[in-house]
Amino acid sequence: MSTTSTGDVGPRPRAGASLRTVRIALARGAAEARLQSDGDWSLQTGDGTQLAEPPRAGESWTVEPQGGRLALRREDGAVARPEVASIVARASDADGLLAFG
1 MSTTSTGDVG PRPRAGASLR TVRIALARGA AEARLQSDGD WSLQTGDGTQ LAEPPRAGES
61 WTVEPQGGRL ALRREDGAVA RPEVASIVAR ASDADGLLAF G
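Positions 1 to 101 (the numbering used here) are the ones given, in order, by the sequence shown.
Bear in mind the hints are in silico, worked out from the structure with no lab data behind them.
A portion of the hints provided could be inaccurate.
Claimed, not checked - Simulated DEER-style distance windows between Cβ atoms:
1. A85 <-> R34: 17 to 27 Å
2. V79 <-> F100: 18 to 28 Å
3. G67 <-> A94: 30 to 40 Å
4. V79 <-> R56: 17 to 27 Å
5. D95 <-> G29: 28 to 38 Å
6. R28 <-> A94: 31 to 41 Å
7. R28 <-> A99: 21 to 31 Å
Just so it is clear, CB atoms sit at the ideal spot from N, CA and C, and this is done for glycine as well.
Turn these sequences into a full structure, and let the hints steer you where they fit.
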């Protein structure tokens with residue numbers, strides 16, 4: 001059996017990975033997770049509220065469980081925003097790369 005297509009069958013252009021939203025969960029029993037980006041980025045709650053001053057390229061932040069919620073700490077150990085339910089890390093441009101681990 002053979003078929004033909006009158007439509008475009010070539011590869012579709014992909015959206016930039018930096019523009020995608022990725023949900024990351026902190027595993028039970030995990031002490032922390034580190035977030036970092038090679039470009040400008042932002043940290044927000046799920047509803048878009050800014051959690052901290054925009055992080056600089058190369059700066060890392062730590063997410064820690066605290067009483068069933070999440071605490072966000074800067075590299076110097078200061079708590080940027082205690083006890084939020086969710087954190088969204090987003091690159092500011094399409095060329096930015098976020099690292100989690």
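Outcome of the hint check:
1. A85 <-> R34: 17 to 27 Å: Roughly 20 Å apart at Cβ, these two residues keep to the hinted range, so it holds.
2. V79 <-> F100: 18 to 28 Å: About 20 Å separates the Cβ atoms of V79 and F100, which means 18 to 28 Å holds.
3. G67 <-> A94: 30 to 40 Å: Between G67 and A94, where Cβ atoms are some 36 Å apart, the hint holds.
4. V79 <-> R56: 17 to 27 Å: Once the Cβ atoms are compared, 18 Å apart, the range 17 to 27 Å for R56 and V79 holds.
5. D95 <-> G29: 28 to 38 Å: Roughly 35 Å apart at Cβ, these two residues keep to the hinted range, so it holds.
6. R28 <-> A94: 31 to 41 Å: Given range 31 to 41 Å: holds, Cβ gap about 34 Å.
7. R28 <-> A99: 21 to 31 Å: Cβ of R28 to Cβ of A99: about 22 Å, so the range 21 to 31 Å holds.
Hint check: no violations occur; every hint is consistent with the structure.
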